[in-house]
Amino acid sequence: MLVLEGLVKNFGALRAVDGLSLRVNRGEIFGLLGPNGAGKSTTISMAIGLITPDAGSVTYQGLGSPTHHMVRKNVGVAPQTLAIYQELTGEENVLFFARLQGVNNPRVAAREALERVGLTPRANDRAGTYSGGMQRRLNLAAAFFHKPPLLLLDEPTAGVDPQSRTNILELVRELANEGAAILYTTHYMEEAQKICDRVGIMDEGKVLVTGSVEELLAKHGKETLVMIERPGGETRISTNDPLREVTSALEAGDVTGLRVERADLETVFLSLTGKRLRD
Amino acid sequence: MRVILTIAAKDLRLLMRDRTNAFFVIVFPLAIAIFFGSIFGGSGRSIPIAVVVESAGPAATDFANALEKDSTLSVRILPSRDEADTSVRLGRVAACVIIPKTFDADLEKAMAGGRAIVEVHCDPARQAESGLVVGKLNEHAMRAIVRMFTNPKINSTMLAQSKLALALNPNMTSQQRERVSDVLESVQELFKQQNREAAAVETSKTIAGSVNGDSTTNTMKANTNASTKSASNNTENGNVPVSTPPSATSPDPFLTLPIQIQSTTLASNSTEPPSTYAVTFPQGLAWGFVGCIGAFGAGMAEERRRGTFMRLLLAPCTIFNVLAGKSLACFTACVTMSVFMLLVATFGFHVSVQNLPMLALAIATCSFAFSGFTMALSGLFKNNEGSARSAGNAIVLVLVMIGGGTIPLAFMPPFLRAASQASPFSWAILAIEGAVWRGFAFTEMLAPLGILLFIGALGLVLGKIFIQKRARA
Ligand SMILES: Nc1ncnc2c1ncn2[C@@H]1O[C@H](COP(=O)(O)OP(=O)(O)OP(=O)(O)O)[C@@H](O)[C@H]1O
Ligand SMILES: [Mg+2]
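Listed in order, the protein sequences are those of chains A and B. Counting from 1, position 128 in the first sequence corresponds to residue 128 in our numbering; the numbering is continuous, with no gaps. Counting from 1, position 323 in the second sequence corresponds to residue 323 in our numbering; the numbering is continuous, with no gaps.
Watch out, some of these pointers could steer you wrong.
Unchecked claim - Taking lysine-lysine pairs in the DSSO-like style, the calculated list, with each CA pair at most 30 Å apart, reads:
1) B/163 with B/192
2) A/275 with A/219
3) A/73 with B/464
4) A/194 with A/219
5) A/73 with B/469
6) B/10 with B/69
7) A/206 with B/469
To be verified - Which chain A residues face chain B? A few, computed with CB under 7 Å, are given here:
8) 69
9) 72
10) 75
11) 77
12) 79
13) 81
14) 83
15) 100
These aren't lab readings, by the way, just hints derived from the structure by calculation. Quick caveat, the model's predicted, so the values are computed rather than measured. Just so you know, even glycine gets a beta-carbon here, dropped at the ideal spot from N, CA and C.
With the rest of the complex left out, here is chain A:
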């Protein structure tokens, strides 16, 4: 669906994005993971044609050239900065963008989007009176109300409480299941692990590796730690096949407790860059 090839963007002497290539398929959530300043937002801006790359290309497969403004209609974006009008109510905000898009039934689309992000009770309050997390959710509603085939979500859960976060992650999953191709940036490894079909780990403008979470863990993660408690004490087993270890331990019997500590993307990042993702 979305194909980025060899994107480069310089801001003066700073190379924010350095030869980035990736593809996001239909129905897939692609997680772009990276620390602050890695170049995630810059990549998204180039993907929607808001800033022109110094080199490389952006293609929307089956939609046409991204520079053509009618093609952009098929893209939904939740920018990292809250792109909403503080003076308008939640519903007015989404309604405004829905009308611009020429959605068939803008009011219905707006209400449905607000419902999905859990803002229905506050729909008629001004966005300026919303809490940070609510504004973030409104920002997301304004991205998907028209069910675009391509969605670019730049840290859609920043500042959102755990419960709403779970709701948002479920929502993003639903949108992908409905067929959208989703590029999802975050620096929360847990999120990426939870919902992304594939992830790209990004640092200093480059995508270091891409693959499914399992693949990355298998390739770059340390082995999984299985801890088995028996009346005599605890045994720690480092393994690539935790399932087998657990089954055999259970078969052996006498197990009082069991703990599996999986390697996560954090360790992957650490082994790739020698840095911690968040200090």
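Chain A is fixed; fit chain B with the ligands onto it per the hints.
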């Protein structure tokens, strides 16, 4: 104290980080100082007036020549009254001066109480300037009178005619006649003596100096050594309150000056002169437009800062769409404001508009011009909406000051006068005045309307270019 200093240092740093702010603190005050300095200081300003000499006599010619030589006036001699009135109506001159056909003849009868009248038709929207014109005319009238009294040919004719008029005057008692006759004899003596002294012309200076400068008073009052005043206050000026109340004492023809300046407010096409409110209404509208520009000028910077601009582009809007939508909003606000002002003026202040369809056209055109102008302005500034707003307001303020009649043209040095021609406000006010009270014909409206349309279109094009440039980071 440490806290206060730290906050102060931080705020100063914030101020200087934004170039627009730095401009306001350093360059703008300088520019304003120079601007006002050049207005209230300096010399060599002249007020444009039109002069029509209808009388072929020597006194009329002399009078006109004197006006032409006056460096504070810039005189345009026009062949007819109608043309002169038109040039006032179109705002080309501040006032027109008409020296009527009977000027010389009337002046000859001066000693018998005859009065020669010089008519001035003032532009009601340029009172400060026409006030200066009337003052200048009074001064020239004084000089002319002095010249007349020292001219042997004129004064002997005058005396002869005056004696005749005296003899025939049925309203006088013989006692009065005798006394007047005595006065005439002594005046004759005086003239004879004066005629011997050829170089008496210079006396004019001292007399001119004593002329009352309160020139907005319509009829000139003798204020040399007279205690009584003429009551022949027959001029009509709806705008200016007459500051000298007419005297209750009976008129004394000998103490009434022979040349009188009669100033009227120009009334177009036989209608009444416009009311004060009609004259100020267009300027009020201009300030209304300033408000609209202020409200919409920072909109683009705001949109960019918030990131909603990105959403608009994805919606999908072209930059042209965004611009057109924003200028339509600004246009609507301008029109609504104008209609509201018009309703208040009509029903609250009884302003009667001469040509309503033309006013509608003028308002629509102005609104277009100012919404285009606003777009150019909004494209001009960076994402910082605060500084975009203040920079925009400053530019607009300067334009409205030089173009909006806040400062009379006569007070401006030539470069500012030229600049005021470039201000959209000067054309907007002219177009609205044209419809409200100047009685513009459609063809006369074309020039201001055309210029306003051009300003609006140029603004939109520039706005699009600026915004496009900023959109590509
Ligand atoms: N408009 C700009 N001008 C100059 N530098 C910029 C601009 N936008 C981004 N950068 C720089 O480019 C680099 C990448 O920024 P970007 O916003 O893409 O990072 P990010 O991965 O989105 O980070 P975060 O997780 O904090 O959102 C940063 O070093 C940033 O300072
Ligand atoms: Mg970012």
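*Mind listing which of the numbered hints don't hold for this structure, in increasing order?*
6
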